[in-house]
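Protein chains: 2
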Amino acid sequence: MAALIKLKEPIPASGRGKRASNIYRVAAEIMCHKGYGATSMNDIAEAAGLTKAGIYHYIRGKEDLLFEIMMYAMDRVEEGIVAPAKEATDAEERLRTIVERHTRSVIEGVGAVTIVLEEMTALTPAHRKVITARKRAYFDFIRQTLEQLAAEGKLRNVSPTTAAFSLLGMILWICRWYRRDGKITPQAALKDYLEIAMNGVLKTEKGSFQTVMSTMVQDMGISAKGARE
Amino acid sequence: MAALIKLKEPIPASGRGKRASNIYRVAAEIMCHKGYGATSMNDIAEAAGLTKAGIYHYIRGKEDLLFEIMMYAMDRVEEGIVAPAKEATDAEERLRTIVERHTRSVIEGVGAVTIVLEEMTALTPAHRKVITARKRAYFDFIRQTLEQLAAEGKLRNVSPTTAAFSLLGMILWICRWYRRDGKITPQAALKDYLEIAMNGVLKTEKGSFQTVMSTMVQDMGISAKGARE
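So the protein lines, in turn, are chains A and B. According to the working numbering, the first sequence is numbered sequentially starting from 1. According to the working numbering, the second sequence is numbered sequentially starting from 1.
There may be inaccurate statements among the hints.
Just the calculated beta-carbon pair ranges, DEER-fashion [to be verified]:
(1) THR185(B) x GLU152(A): 33 to 39 angstroms
(2) ALA53(B) x TRP177(A): 36 to 42 angstroms
(3) GLU152(B) x GLU46(A): 17 to 23 angstroms
(4) PRO125(B) x ASP75(A): 25 to 31 angstroms
(5) ARG176(A) x MET71(B): 16 to 22 angstroms
Hints in this document: simulated from the structure, not taken from any laboratory. Glycine included, each C-beta is placed from N, C-alpha and C at the ideal position.
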């Protein structure tokens, strides 16, 4: 199993590989805010601190860059979300790990990449096939977790498919509005998203999710004060 | 107050106005699936049953079309969601009206238009200012409703701002995955979204949301069977 990445630390890499992954991250964040169509190679070069000639040393063009970003995004999803979630044998704990890690990665900007995964029509058919299969595997992992929760009587009376898409929509949308330098701290945003997401799909029972939540919040040293508007 | 539209009926209009609003709807649905950047005037003409020359009788170009679609989308939001929600003096009922009507409009395709509202960078600055103000007013309406629910002790311990964006992300994402001809019926999808959204942001209490839900589901003649995968 691949080593887990720590989301708050830079992704370990060196030389060309490190520079390339920095470009993917910067490009993904710009594309996430502006949309893929409105993002130019110039925007990306500028934000990455490279000349326009310099960026072509690393990337052939916008379409190739998009595919590379998507591959990089799916690597991050598999290593940073799916692998640690698979370590949880309890389905509720697994769901919490998925929601927490995906939300956190979007809030911290690393996972801004995941919304870029929607720009499928800009890919070549061969590239599209590769990305579709990897996205499908991630979606199926979330849905299977929800199906297990349904079998255990913990899921609300909703379709696991609809629930999975609700969670993804909620999480992916974060990069459209959330600003790390705004009034709501990353810790407060993460805490709120976890509460809304978990209570949205799971039946609320004393001693179940509520307990897990308060334990986790204590563990993280999260304070609810100061981040409300 | 503007007359409320019935979401299941065609929007009343005639002649040029009717044809134009049909084009907006078709164009918005294509843009929603393919993304704005990947949608051509040809795609829109074809789906609207017009020649490429024909479509230019109604619309000057893609940028103007985008602005017109956004204005049309905000008209639909104000007439079809905000106006009826404002009739509810109870904040919980108002939130339910917002979630139900916005979700239903996206599911039924009419409200596919609302995700197009994210393509702000493609607008001229003057157009952007107009749309931003109208979007802001809608967002503030949702947030104020959540703030009232917080004051009444009904909101979970989450920021009304974060809760409002969670709901919008969840709802707007529907047009990225939902297919009316798929396994999940529109009625089942609407029921599930309402359950996930309302329980996600509101405290679950007996005699409160649960009762409203079951009454509403009975009123709508919704059946939970047959739509699960």
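Hints, one by one, checked against the model:
no.	hint	in the structure
1	THR185(B) x GLU152(A): 33 to 39 angstroms	violated (26 angstroms)
2	ALA53(B) x TRP177(A): 36 to 42 angstroms	holds (40 angstroms)
3	GLU152(B) x GLU46(A): 17 to 23 angstroms	violated (48 angstroms)
4	PRO125(B) x ASP75(A): 25 to 31 angstroms	violated (38 angstroms)
5	ARG176(A) x MET71(B): 16 to 22 angstroms	holds (21 angstroms)
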